[in-house]
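Engineer: Since the structure of chain A is provided, determine the placement of chain B on it from the hints.
One letter stands for each residue in the lines below.
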Amino acid sequence: QKEVEQDPGPLSVPEGAIVSLNCTYSNSAFQYFMWYRQYSRKGPELLMYTYSSGNKEDGRFTAQVDKSSKYISLFIRDSQPSDSATYLCASGGSNYKLTFGKGTLLTVNP
Amino acid sequence: GAGVSQSPSNKVTEKGKDVELRCDPISGHTALYWYRQSLGQGLEFLIYFQGNSAPDKSGLPSDRFSAERTGGSVSTLTIQRTQQEDSAVYLCASSRDRDNGYTFGSGTRLTVV
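Going line by line, the protein sequences match chains A and B.
Under the numbering used here, the first sequence has 73 at position 73, and the numbering climbs by one with no breaks.
Under the numbering used here, the second sequence has 94 at position 94, and the numbering climbs by one with no breaks.
Straight-line Cα separation of at most 30 Å, DSBU-like style, residue types lysine-lysine; simulated pairs:
| id | chain 1 | residue 1 | chain 2 | residue 2 |
| --- | --- | --- | --- | --- |
| 1 | A | Lys102 | B | Lys11 |
| 2 | B | Lys57 | A | Lys42 |
| 3 | B | Lys11 | B | Lys57 |
| 4 | B | Lys57 | A | Lys70 |
| 5 | B | Lys11 | A | Lys42 |
| 6 | A | Lys2 | B | Lys57 |
| 7 | B | Lys15 | A | Lys42 |
Simulated from the structure, these hints should not be mistaken for lab results.
Note that this is a predicted model, so its numbers are computed, not measured.
Next up, chain A with everything else stripped away, as it sits in the complex:
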């Protein structure tokens, strides 16, 4: 079992939809959780960072972590065509190394 599993998608939604992206992790030592967005032929870009259970909101984006079930989610409200990208979840523990999910390709159709 990989340490971070991510729904592979691809996911296609109409503009304005609420998008839910999900990951699970198996390593109990993971303490912090991130979501990255990656546009085609670009490097991943940090979207959200959290290290506690609960919700963290930033504009249209909400990151949710449930450490008891080892579940990580990213919600995108009022999705826009510009949100079309690959979304990567990542987790890390007491060291420096991040473990990434394989990514979910999201397409938001106008």
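Structural biologist: Frame of chain A; chain B shown alone:
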């Protein structure tokens, strides 16, 4: 510079040749990481630098792969005797510390023919 800079952006090489990939991290970022991204495989950790030392090289796939960092800044990833399975996007990232997450470069797309 303002971001992590990687060069070249694209590299096509013949099987058996050596290649060097360069990463110029954000000024002041002491930690530097190399990852590899293959289609359908996600990001695979290769090596981590803290300053000029590499406390974790565990992700390097074989002894054909090596990396160095000089002056606590620029890093070079070298692949000797390239094979077709080395074809991937090689991503470099840097961070000031863990709590700020990584900043990635745009990567080097390596194609071995």
